[in-house]
Amino acid sequence: MKNRKAEQAEQHAVDPSRRSFLLSSAAGAGAIVAGIVTETKAGVPAASIPSITIPKEITESVKEPAKPGSFEGPGMTGAEVFATLCKEEELAALFCCPGNYTVINALAAAGVPSYGGRCEGSMCAAADGFSRATGEVTACSGTEGPGLTNMIMNIASAAAARTPLLVLASNMQIAGDDRETFIQTGYQQPLTTGMKKYGKRLIAPDRVWEYGAYAFRNLKSGVPSPVHLDFPGEVARARFNDPTKLKDYYAKDKYRSESQPQPAAKDVEKALDLISRAERPLLVAGQGVFQNKAWEALLKAAEKNELAVVTSGPTRGHFPDDHRLSGALTPDAMMSADLVIFVGQYCMPTPGEYRFNPDIKTIRVHPVPEDLGRNWPLDLGIVSSEKAFLEALADLLPSRKREAWVNELATARQKYDKMLNDQYELGLKYSHDTNHLHPAVLCKEVHDFFYKGEIDPKQTVMGAGGWTIGVHAGRWQRAYRPGQGIVCPYQYGAIGPDLAMMIGASAAVQRGVGPQAPYKGAPTVCVSSDAGIAYSLFELDTAAKYKIPVIGIIYNNDSWGMWPSAVSSARSMHMYLFQENLRYDQMAQGLGARGEYVRTPEELREALHRSYQAASKENMSTLINCQALRDFTSAKNYPPGVSLNPEPGCGAVAH
Amino acid sequence: MNVTKARQSAVEVVAAALTVYAERRVFQGFSRGAVAGSKAIFRIAWHRGRVFELAFDTSKGTLRLPQVLTGVPADSTMYQDLKAFIKARQSADLPGHRRIDIRRAQVRTYNRDGNISLVLTVIDGDVAYGVQKLIHLVHEIYMTFLADGNYFEYLVETFDLDPDRM
Ligand SMILES: Cc1ncc(C[n+]2csc(CCOP(=O)(O)OP(=O)(O)O)c2C)c(N)n1
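Protein sequences, first through last, are from chains A and B.
With the working numbering applied, the first sequence covers 1 to 655.
With the working numbering applied, the second sequence covers 656 to 821.
Just so you know, the hints here were simulated from the structure itself, not pulled from any lab data.
We put the beta carbon where it would ideally sit given N, CA and C, even for glycine.
Be aware that one or more of the hints could be misleading.
To be verified - Computed Cβ-Cβ distance ranges for the label pairs, DEER-style:
1) B:Leu816 - A:Arg400: 53 to 61 Å
2) A:Leu378 - B:Ala729: 56 to 64 Å
3) A:Asp178 - B:Arg680: 54 to 62 Å
4) B:Pro721 - A:Val567: 51 to 59 Å
5) A:Glu269 - B:Ala700: 30 to 38 Å
6) B:Gly769 - A:Tyr198: 50 to 58 Å
7) A:Thr193 - B:Glu812: 47 to 55 Å
8) B:Asp815 - A:Glu269: 43 to 51 Å
9) B:Val811 - A:Ser61: 49 to 57 Å
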């Protein structure tokens, strides 16, 4: 067997392009970066330091054909039985860290696209991101105790977003329960209480298929949410050499149904009547419209009767932002709506959270009856699948023009555009005055590059998070087709999952899954913060090893953006601040991605151009470190400071 | 109808209009207070968990809402901006459903020690219109004026909010 170091040296010799690319990109990004790459701090010449390489074991193993388990010979393990079911259910992807070995190996062998990363929490966010970009069921996995507990924040995020996420973890052996046998054991199911639709510690090996069916029944019907299964060794490693040894071992058309609730004719009639009496109807197309793939029916219904449409939820684009009937960029017109039709609104606001007038009438359409009437009093509640209801509307609504309403939307859109541009102009002045990037300027540059330049505006999937930068990025993020926009902090407000989530979304684009098919392989973008990147940065290694091209744009304001909370508390400020001028770009380089450092709009534009080239031509990820000032967060010195975006509409992060 | 009966029925019109908002969960809570002479009081639990006391004066045809906002000095930019916002709600440029028609109702703003009161005077006798417009106006002050302006820090300080949860 060849010595590992010798193999590395050989690889380095035959694959110089990656290293020279790193060098040339670093040179473009300024002297400090180049200095680091060519010479270590200790002064050791770089030539003696092996370059970052993707070992051939990774590349080869990714290409290995699937080899699902079989009852023949030694039989199937419990993990393989479960993996077979996951494959039959078309589990779209698995994101994991090693641990729960039997199960992840079985899933990978069964042919489920699998990714291994650096941190269970981030892998959980990546699985969520893949699902947000496609609507498909994805899985994350980690080892018992430590792996599962590391995932918690992002399981909770996925639950808030109603992501159909299968959370898997090993959990020692039933034989060791309650004995503190060895390490890592723990009661997992109570930890995910309130964050899942269904969960189970599997204890009967012969019921592993049956519980897989429970999992997918929950993931694929009604309103989805995470499902958590923990696997003790007795289940994962049980052996089955005959199907008769398994309970309820039958196919998915027997253990669950694809049947969808249809709206009652009399309810549709009432809805048509309310719509016909409304002057300014607004349809809120929630996450259910995306999950139910009902966007074509939505467009048809909206155009036929000139209903305004605003989307809500963790994914944007199931109604195009640039449509004349879109309410995404018209916050001022929201107050004018006299009828709201919530369709597939999984997480209901309370009146006073959405910017509607107090006299608005309400129809709500939801696939399960239990939630109708929750939080928001209804004039009409309808149990129906989103698609069935929207198809009924598209069929039965009369053609109607609502000129005054459409004009009002157009006026509100102009007003919003003007507000954005005024903020940009002000930001530009601040940027010039301080030689630091203001968030409005950063976001407008990113917006112009991906939506107004040479790139097809429908192509790039973008996600954003962070506080100051998050609210600005939300205002400038656009979605012109389903699955194009990801609202990373949606509803749970976690700082941190953004980059990992977008690596997951990017994996979906790389594979061209579902609505991403026409844009297969395109680079994606993540706009996030310095506090946020600390949680996900290491996944640049994951992106690099799978050649997933993500362009990360980090607003570096040397702080947790909530520092104004410490202003009146003298002994507190240190807890909110970081060292200044940290170099996330250099850290990215250390992980095998590109790094760019920018402080002006011109530099950002050039960096975006280089990063896009590297992403689209070489599948290289980049992290662009945008140096900003923490004072931009406060309206005291730099108005407008920061304020949450109105709900519903682009930039909204809740409901 | 004698004067007393007419007044009683006007109070009922106000009560009915407000009850509808309570039933639609626009208000978090609502109760009717005492009627003393020409004045009727209504208590409304509403934006930012605050309880607003609406006073309806039947003889003057006024709906008075004290302490709509507090801590806004009369010489502050915020107060000037608020007055401009309220004036804009009465502009003929706005579509009818968004406008307070100055031929039907007039709104005045008062500022005493930073406490802002609104007084809406019903001009054409349509009290229900007056209630609707006053409720819409206060709603827009909270939902639009405060949210869109540079008032993040004002909101945090005034309403003692967790800045994460606005
Ligand atoms: C994991 C997590 N920790 C803390 C918070 C509370 N919080 C909300 S916003 C914020 C500031 C975040 O700073 P940053 O992401 O750097 O945003 P910036 O203002 O710099 O854009 C904090 C601490 C949170 N929401 N999530």
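* In rising order, the numbers of the hints this structure does not comply with -> Result: hints 1, 2, 3, 4 and 7 break, sorted rising.
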